[in-house]
Each structure stands twice: as C-alpha cells, then as structure tokens.
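K.L.:
Given the sequences, and given the hints that come with them, work out the whole structure.
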Amino acid sequence: MKIVVCVKQVPATESKLRISKNGTEIERAGLSFILNPYDEFAVEEALQIKERLGHGEVTVLSMRSHGAQKPEEALRTCLAMGADKAVLLSDPAFEGGDSYTTALVLAESLRRLTFDLLLFGKQAVDDDAGAVGIQVAELLGIPHVAVVNKLEVNVATRTILAHRQIEGGIEAVEAPLPSLITCQKGLNEPRYPSLPGIMKAKQKPLETWNREMVGLESETVGAAGAKLKVVRVELPPARPAGRMIPGDVAAAVKELVRLLHEEANAI
Amino acid sequence: MNPILVFCEQRDGRLKKVGLEALGEACRLTKPLEREIIAVVIGSSVSALAQEPARHGASRVLVAEDPTLAYYSSEIYSTILTEVAIRLQPVAIVMGATAMGKDLAPKLAARLTSALIQDCVALEMDTDGSLLATRPMYGGKLHAVVKAKNPLMQIVTVRPNVFSPLEPQPASDILVERLTIAVNGTRPIARVRETHKTAGGRKELTEASIIVSGGRGLKGPEHFTLIEELAAALGAAVGASRAAVDAGWKPHSYQVGLTGKTVSPQLYIACGISGAIQHQAGMSSARTIVAINNNPNAPIFKLASYGIIGDLFEVVPLLTEEVKKLKTG
Ligand SMILES: Cc1cc2nc3c(=O)[nH]c(=O)nc-3n(C[C@H](O)[C@H](O)[C@H](O)COP(=O)(O)OP(=O)(O)OC[C@H]3O[C@@H](n4cnc5c(N)ncnc54)[C@H](O)[C@@H]3O)c2cc1C
Ligand SMILES: Nc1ncnc2c1ncn2[C@@H]1O[C@H](COP(=O)(O)O)[C@@H](O)[C@H]1O
Chain A
256 MKIVVCVKQV PATESKLRIS KNGTEIERAG LSFILNPYDE FAVEEALQIK ERLGHGEVTV
316 LSMRSHGAQK PEEALRTCLA MGADKAVLLS DPAFEGGDSY TTALVLAESL RRLTFDLLLF
376 GKQAVDDDAG AVGIQVAELL GIPHVAVVNK LEVNVATRTI LAHRQIEGGI EAVEAPLPSL
436 ITCQKGLNEP RYPSLPGIMK AKQKPLETWN REMVGLESET VGAAGAKLKV VRVELPPARP
496 AGRMIPGDVA AAVKELVRLL HEEANAI
Chain B
14 MNPILVFCEQ RDGRLKKVGL EALGEACRLT KPLEREIIAV VIGSSVSALA QEPARHGASR
74 VLVAEDPTLA YYSSEIYSTI LTEVAIRLQP VAIVMGATAM GKDLAPKLAA RLTSALIQDC
134 VALEMDTDGS LLATRPMYGG KLHAVVKAKN PLMQIVTVRP NVFSPLEPQP ASDILVERLT
194 IAVNGTRPIA RVRETHKTAG GRKELTEASI IVSGGRGLKG PEHFTLIEEL AAALGAAVGA
254 SRAAVDAGWK PHSYQVGLTG KTVSPQLYIA CGISGAIQHQ AGMSSARTIV AINNNPNAPI
314 FKLASYGIIG DLFEVVPLLT EEVKKLKTG
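Going line by line, the protein sequences match chains A and B. Just so you know, the first sequence maps onto residues 256 to 522 in this note's numbering. Just so you know, the second sequence maps onto residues 14 to 342 in this note's numbering.
Rather than coming from a laboratory, the hints here were simulated on the basis of the structure. Backbone N, C-alpha and C fix where the C-beta goes; we use that ideal spot for every residue, glycine too. Take the hints with a grain of salt, since some may be wrong.
Claimed, not checked - Pair by pair, the computed Cβ-Cβ distance ranges are:
#, chain 1, residue 1, chain 2, residue 2, range
1, B, Ser185, A, Val410, 54 to 60 Å
2, A, Pro431, B, Asn163, 32 to 38 Å
3, A, Thr463, B, Asp141, 23 to 29 Å
4, B, Leu188, A, Pro495, 40 to 46 Å
What the hints assert, rightly or not - Derived coverage of chain B by chain A (criterion: at least 3 residues anywhere in the stretch with Cβ under 8 Å from a Cβ of chain A; other residues may be distant):
#, region
5, 112 to 120
6, 126 to 133
7, 319 to 330
Stated by the list, open to error - Simulated pairs of lysine to aspartate or glutamate, DMTMM-like, Cα-Cα distance not exceeding 25 Å:
#, chain 1, residue 1, chain 2, residue 2
8, B, Lys160, A, Glu474
9, B, Lys315, A, Glu474
10, B, Lys162, A, Glu489
11, B, Lys160, A, Glu350
12, B, Lys162, A, Glu269
13, A, Lys484, B, Asp141
P.N.:
Okay, here's the thing in structure tokens:
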C-alpha cells in the first residue's frame, strides 16, 4: 500500500496575529509554526495503515505557499513520526496562490508519484478553506471522502469504507482505490515523534521539486494562477462590550433571563 | 444579466434553512428583476419541495429528481450542477456551508476552474458582478475580504445562521423545470452506503439557534445533565469544549472550536468553559454570548455579552428554572 499524505505548515493556533503593511496578509516574522493539526491525523492514519498491513510506504508532500513558510520543518516532523520519505514543492512561482493553485501543484506532483491512497487534513487552520483535498481528487479524477473520522481499508477488494460526519449523523461511504480522504479529529490519536524517530528522520530522503520538475507553466500557479485575490484582511468586528451581572446568584440569574429576553431578544 | 444560482440542499425530504438564507442573500445582492435568482433542488423525491424556494425569492426552480439521488454524491451532484452552470452562465453559485455544501463547492469549483469562496459571513456585489466576500480565517481571528478575478461562476458557501431568509411570499406562477440526469458512469465514484442518525434525534449544533455548552468545569460526564436540562428548557442544542470531549464525557460531534464545529447561533451559553482561543474559533460569531464561570479572569468573559461569576452547579439549575418560568409565564 503506497500512501501519500499532503501536509501544510501553519502558524501555531495560539499565535497573536498582526496584519502586514500592505493590508492583505499577516505578518509572519516572529510567528511560530506547526504541522496543521488535521494533517497530524492524516499522517497518523497513514502510519497505522502501514503498520496494520505490515508493509507499505508513506510519503509526505508539502508545498511552500509563502516565502516565510518552512514546510521542511513540517515534513521533518512527519518523518520523525515515521513517514518514509518527503517531497518539498518549492518555487517562488508557487507562492501567493489560492486553494485551486495549491490543488493544481499538488495534483501535478502526485501524478509523478505512485499511490493507492491519498490522505489530507480536513482543513488548514490558517486559510480555513477545507478545499484543497477535494480539489486534488477532482483534478486527478479519483473519488474522495471528506471529513472522515473512521476509515477501513480492504486490500483484497481494493476498497475503502469511510465514515464522514454530517449534520446529526454520519454517512458511511464506500470507494474504490485509489481514493482520497480528508481527515477529521476522532480518526485517531496522533503520536509524538520519539527521540530515535527524530534522529532517524535526519537520514530519511527529502527531495525538493521546483516548478519545472512539476511541469506547470508559471502563469497557472501561485498568485498569477489564483482565481481569487485578497482585497484586504481585517480584524473581525469588535464585539459590543459585555456586561457582568453582579449580585447574589438568584438575583443575577433572574436579571440574566430578563436581559436575554428583553434586551438581547435571544430567548 | 447573468443569473444567480442557489443550490437549496435537502436531506430526508426537508430543505435546509441555510438554503433559504442563501436565497435571501442572493435576492438582496441584486436589484429586483435585474438578475434571475434560480434555485436548484436535488434528491430522490423532492418535487413537493419546489414551492419553498419560490416562496423565498427564487423566480425559477430547477429540480433533479431520481431514485438514485436518495443519498448525496459529490460526483453526481457536481455533474448536475456543472451542466446547469454551463447552460445558464450564472455569476455565482451559492449554497450553505454545510457538510454537503463544503464538500460539493470545492469539487464544483475545480471542475469549472472557478473561484471558490468558502464559509462567507458577508457578501456584497461589485458593479461587474464580482462578489466582495468576507470570510473568517485563522479560526476567526481575522476576516479576509476576497474577490474573484473572473466574475463568472463564483462558487460561494455561506455560513448557516448568518444571513436571513426573506419573509415567505405566496408563490403564484413559479416555473419548475425538471433536469435530466445524465451521469457519466465510467468514473470511479464514492458511494454512500448508509447514513446513521446520532442517537436521540439530537439537535444539530451547526443549525441550532441556541447552544448550551459545557466544559471541564462540569467535573464529570454525569453533570452534563445540568447542561441538557437547560438546553431542553431553551430548545437548544448541546455542545462541549475539547477538554470535555477529550475526557470522554461527550463524543467529538459535540465539540465546538478549531478542531470541532464552527457555530453561529443567536445565543451561546458557555458553562465551565475557560474560552481558550481554540474554543473561541468555533463560537466567536455567535450573536449573544453568555459565560458562566467561577473564575473572574477566564478569557470567556472578554467575549461574553453577559457574564455571571459563580459556581455553575448553582447557577445553571437556577437558570433552567427561570427559563422554564419565562416560557410558561
Ligand atoms: C491545536 C489545538 C486545537 C484545539 N481545538 C479545540 C477545540 O476545537 N475546541 C475547544 O474547546 N478547545 C480546543 N483546544 C483546547 C483549548 O486550548 C482548551 O484547552 C480547551 O478549550 C479547554 O476546555 P475547557 O474550557 O472546558 O477547560 P478549562 O480550560 O480547564 O476550563 C474550565 C473552566 O471551568 C471553570 N470552572 C471550574 N469549575 C467551575 C464551577 N464549579 N463553576 C463554574 N466554572 C467552573 C474554570 O474556571 C475554567 O475557566 C485546542 C487546542 C489546540 C492546541
Ligand atoms: N501548501 C500545501 N502543501 C501540502 N498540502 C496542503 C497545502 N495546503 C493545503 N494542503 C492540504 O490540504 C488540506 C486542506 O487545506 P485547505 O483547503 O487550505 O483548508 C490540508 O489539511 C493539507 O492536507
């Protein structure tokens, strides 16, 4: 079973964000970066499938989407968790794109690898789009199941059965391999890289591919190829100042219910 | 002028409210009669539903009805919508940011090579028909205003509970058009085998207008009954923080936050939840937020519209009583 996992490096979730001078992105200097939390589930799932089968190969793939991003660190983390090899897609032409151009670069790169199963995160917690995996599947012409919290792989029939979360329930979806899955929390408990794992990761192969090697024209990728442009980023509208309701509990609760009913029109 | 297409999702023979919200917003985006607002409904027995989009602003309703459409399929649904889009050349295709919409929209956008705007919370239309769309990023810490380079077939999902449907009008002579479904059978596709409902017909968090959530402050799974009783009195859905979910007190489908659900209710009541930034990521767009916490320095109070500093074991039961009084009084 050959599995490729696509991972993204994102700002740590507790980061305080500042808007850059041009007003269309965040200031990345001084931020600390992590492996996207949903991609951890994807890497863990790949490793568990390989371990269960007793054979297979796990490749991790990441595209640098911004000059200041260091996807090689995210890739090393994955190698330290136990992935076998890594490919970094890095070219100035890839930067500043959107979901579509990211999916295009990943899909074209994936055509150069062999795989039975592709694993993605449900969404990257920076752009919060939840799109790239699904778009890669469409570009490759393979089926996908998104937001999966349970996955069974049947090697004999070359099918998968995946449970995906929907409102008020789950959908059990079957698909033939090769397929693409986007991973949701609940799928597994990601392992921490062990010390020997971290040492071993340094010896594992990490290749870098540029735009020519992926075989895409520069006007189709990155900022040039993007379908969307960011006009500006701004802070969300400030919430109106809140109010602490003083007094003993019984009185405070009465007052709260009155406020919710009469002032906020909420109940 | 090119129309706006609104995909009105149905499950189990019921239209989702967010589809009507999307229709309402589509109508507001364009001057009356300037652009046609066309609704699309897909499913196995959905003819009876065609009136509802018409009563909520659609001038035309396209229906794809077939027994094979009983379950959602991203492949088949996107094939149907692609065909409609190529024929009608809409400026935008709008749908709810639901499990289905968030699955379908990226696929459709990739197929049509068009711009994808996921999970919008505000929309405006430029004179050229391109949308200025506001979407939260970084777990809601920032809002990005984005614009498609090509103002045709922009694919947009809208966050549930953010936009309002129009007041229903009697639909007199609406045009219902049946779509023929010609799906290319050669592509390997993912098929839904079955769906399971969450036990107890629980109210869905992302659709609820009121949510009562419990956190680690509850100290144990048995005390979630306090939350459930308040929720029952309010007709609310029950949510949980990650700490409560990781402790095994509630399944992950209850989790609100960065690695859980994003909700936008009218009212969110956080009980024994500190309000970590990752929890806020899922609920900061709630209209009214109530925090009940015994630590006056809990970050949740910074977000709260109303706060009570106190022991939830005391406050929540009293609150349930007062709500019951209000409802019966
Ligand atoms: C990558 C990542 C993703 C995450 N995703 C999520 C997510 O999706 N959702 C999420 O919720 N968290 C998420 N977290 C975790 C988050 O950082 C917090 O740890 C979590 O939200 C804390 O849950 P809590 O508020 O229930 O617990 P605590 O932080 O322990 O807070 C409990 C609160 O209860 C109060 N309390 C205690 N006893 C009482 C009492 N008797 N009466 C009243 N109040 C009382 C305390 O004062 C305290 O404020 C994530 C973290 C990371 C790193
Ligand atoms: N630059 C990237 N390199 C590799 N994988 C990516 C990249 N961006 C997104 N992904 C993958 O796509 C998923 C969804 O991302 P998004 O659509 O941006 O929310 C992520 O969880 C990753 O698995």
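K.L.:
Which of the listed hints are not met by the structure?
P.N.:
3, 9, 12
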